[in-house]
Amino acid sequence: QAEVPYIRIDIYEDENAREFVRSVNRGNESVPTLRFPDGSTMTEPGPLELRKKLETMGHRVPLWALVSSNWPMLLT
Numbered sequence: 044q045a046e047v048p049y050i051r052i053d054i055y056e057d058e059n060a061r062e063f064v065r066s067v068n069r070g071n072e073s074v075p076t077l078r079f080p081d082g083s084t085m086t087e088p089g090p091l092e093l094r095k096k097l098e099t100m101g102h103r104v105p106l107w108a109l110v111s112s113n114w115p116m117l118l119t
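For the sequence shown, my numbering gives the first residue as 44, with consecutive numbering after it.
Don't read these hints as lab results, they were simulated from the structure. Note that the coordinates shown come from a computational prediction; the quantities given were computed from them, not determined experimentally. Treat each hint with caution, since some may be false.
As the list claims (entries may be wrong) - Calculated cross-link-like contacts (lysine to aspartate or glutamate; reagent style EDC-like; alpha-carbon spacing at most 16 Å):
#: 1; residue 1: Lys96; residue 2: Asp81
#: 2; residue 1: Lys95; residue 2: Asp81
#: 3; residue 1: Lys96; residue 2: Glu46
Unchecked claim - Label-pair distances were calculated between CB atoms; the ranges are:
#: 4; residue 1: Ile50; residue 2: Glu98; range: 36 to 42 Å
#: 5; residue 1: Arg51; residue 2: Leu91; range: 31 to 37 Å
#: 6; residue 1: Ser73; residue 2: Gly101; range: 25 to 31 Å
#: 7; residue 1: Tyr49; residue 2: Leu91; range: 14 to 20 Å
Note that beta-carbon positions come from the ideal geometry of N, C-alpha and C, so glycine has one too.
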């Protein structure tokens, strides 16, 4: 779709990832939780919110990608 590189991590198989998710979500295991190269995070973002963030990072996200999206949990 937008061809943004990412790493998908299952927080129930990776204790460090689970602790990170809890640390940014007031103890909750909220997914998807995304961590970006600049250190910022987003929890359960909507497609438009995520598109805006990706565009600030220099990615081009076509409109059709929003319509057909199934955003995975991302931790990069």
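So, going through the hints one by one against the coordinates:
1. As the CA atoms of Lys96 and Asp81 are separated by approximately 11 Å, the hinted pair is consistent with the 16 Å bound.
2. Between Lys95 and Asp81 the CA atoms are separated by roughly 15 Å; this keeps the pair inside 16 Å, and the hint holds.
3. Between Lys96 and Glu46 the alpha-carbon distance is near 14 Å, which keeps this suggested pair within the 16 Å criterion.
4. Distance hint check: the CB atoms of Ile50 and Glu98 are about 20 Å apart, inconsistent with the given range 36 to 42 Å.
5. Between Arg51 and Leu91 the CB atoms are about 22 Å apart, so this pair departs from the stated range of 31 to 37 Å.
6. One distance hint, 25 to 31 Å for the beta-carbon pair Ser73 and Gly101, holds here, with the actual separation near 27 Å.
7. Under the hint 14 to 20 Å, the C-beta atoms of Tyr49 and Leu91, about 18 Å apart, fit the expected range.
Hints 4 and 5 from the list above are not met by this structure, while the remaining hints are.
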